[in-house]
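Colleague: Below, each chain spelled out in residue letters.
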Amino acid sequence: MTDEMAAVFVGSSLRLGMPLMLAATGELVSERAGVLNMSVEGMMLTGAFGGAIGAWATGSPMLGLAIGLVAVLPVALLQAWLSITLRANQIVTGIGINILVLGGTTVAYREILGRHNRTEIPGLARWSPPGLGDIAVWGDAVFRQTWLLYAGLVLVVLAAWVLRDTAVGLAVRAVGSEPRAVDKSGLSVTRVRYGAVVFTGLMSALAGCFLSIGDIHTFTEGMTNGAGYLALAAVIFGNWKIGRTVLACLFFGAATALQFQLPAMGVNVPTALLIMLPYLMALVAVGGLVGRQTAPSYLTRAYVR
Amino acid sequence: MSSLAGTATLLRQSVRDRPAILVSIVAVIAATLCGMALVVGIGVSVPKALAAFADGAWGSPYAVAASINRALALALVGLGFVIAQRANLTNVGGEGQIAVGGIAATAVALYGGASALPVPLSFGVPMLAAVVAGGIWGAIAGVLKAKAGTNEVISTLLLSFVAVWILYGSVQSEALLRQPMTNTATLPESLEIPDPTKLPLLSANADTPLHVGLLIALAIALVTAIALERSVWGLRLRAIGLNPVAARRAGMRIAPAIVLVLFLAGALGGLAGAFMLQGDQGSLKARFSSGYGFDGLVVGLLARGSVPGVLAAAALFGFLRSGGINMELEAGVPSAVVLVIQGLIILMLAGTAFWIDSRKEGTR
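Chains A and B, in that order, give the protein sequences. Using my numbering, read the first sequence as starting at 1 and increasing by one per residue. Using my numbering, read the second sequence as starting at 306 and increasing by one per residue.
In short, the hints are calculated from the structure, not lab data. Remember, it's a predicted structure, so these values are computed and weren't measured experimentally. Take these hints with a grain of salt, some might be off.
[Said to hold, decoys possible] If you want a taste of the chain B side facing chain A, the calculated C-beta under 7 Å gives, among others:
#1 W470
#2 G474
#3 L547
#4 V550
For each residue, glycine too, the CB sits at the ideal point set by N, CA and C.
Isolated chain A (complex conformation) (with noise of 0.2 Å):
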């Protein structure tokens, strides 16, 4: 492998690899809570859509992903409510909303956009940490990415801080493991589940921007294509702890990146084997093959008073 091709692998398993810690803390963060939210996939496609259709709406990118953001309130919002107040079955509910999403936007990008169109949707800009930038061969291809990729890592860093450390970090983890503790405590754990949720639709929307305005510039039906999933498996291999769980969207990064590379390289290893890996990694995981899994203890499990 030339330095070249080290470098451009480096900055695309980053690239690939963003929106899937993005969405990934933020599920991380709701189920913690006690909350899994199935419907992460359709989060990240109302955000890709809501993005994308704002910034070419508007010509700002910035409006676009304030769109997108506003756009994932009502899908999250649905999903607390089906799932927090009607106590309604939720991975059932998270599947609903991914199909119902799914048909949505498919509907209102053909209505809005026309159905083969493959209009450039300006796109958030790009930046470079001072000084890195200008490192020969890497710089480039490492350090010049999209500023909602710096500030991806940040909100991670962020959210792992509230998490571990915060009177909200403990009131969410609390949440997830002793509700009616917390129920006792005159704590509302009703109000700490739909904020928990409607974070996690946040992060989505921000990591489906990240795809459809961040990265390549055009919205596309069921663009997201499963990454939702991926977060979620990266989540169960995270055994629900951010560090791991952002290693593991790394790394599901690189063996996406890898489908590109390895061609390029001479390996010819099927493509459907690199798709697979993440799935089967998070499969193994599951499984209690990587050490004890240890689940949020009221995880899917709705709060009776």
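With chain A's structure known, arrange chain B on it following the hints.
Modeller: For chain B alone, kept in the frame of chain A given last:
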């Protein structure tokens, strides 16, 4: 006397179940109305869209037969869902079970010498291979659940993705199932399976392509209904589903039951794959399972644990799919409208499930 008591129980049961049936019907109607509103919003005239829908769903004997064939695959996945549900297990892996079923049936039909066998075996053996493959795929989730306590929803979903990509890989590689590449335009799909391995049609008239799968599926539905409602086995499953700890104390062996139940659910998914290959598509393509697994899951949900409910919901979705495809072709309405309708149905049913369950407990 006992028959009188039996009738009384049955009556009480049907009253108890009424809110569920009512909610299902209301959900389907409300979702359909939303779909129609969407059609209006798109600017297609509703009568035109409906005419295209009806034409595709039941406008000709061919359309009816095609819709029913679609419904069969959905019914099988739905039956598997309901069996698993009885033991309080949720099988969301239909998509992958269909995929491995399709792979196994294709492999045996093309390269396993099935076409040389006498007639019922020539199509029966590939079907059996699909059943076994799907069953094993389901049983993996069962073993993980029994040994490591892995949530079967997560494992069946992950297994689905793995299976779908195995399918993709196997039609991409000539060493596996891809047809020999004679020129650059050769599509990444398998050869067409030989005629003797295809499911025989019920009528000699090729205009109504109803195949023998209809009889097989109905027989399976009957057996399932009897097993779930009238057998000790069905009662045991219910006991395990309601309270595994109490069931274990009563001497039932939980782990083998879990593995068997998920094997059966997977086997039915695999059989659905065989139906789709041998009764309809004829060759294995990358997008072979095309959402039938998730549709089958919805069918199982709609049925709320009842076998006749599965058949009704499967028929509904079979016709809905056929109509939706034709609506896109003839009236220019994206078939994604049907996805919206399906999504709404799932959400309405899921959202009201808790309310219905609490009512049931109240009337008991």
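Colleague: Take the hints in turn and mark each one as holding or not.
Modeller: Verification of the supplied hints:
no., hint, in the structure
1, W470, "4 Å, holds"
2, G474, "3 Å, holds"
3, L547, "16 Å, violated"
4, V550, "17 Å, violated"
Hints 3 and 4, counting from the list given before, are not met by this structure.
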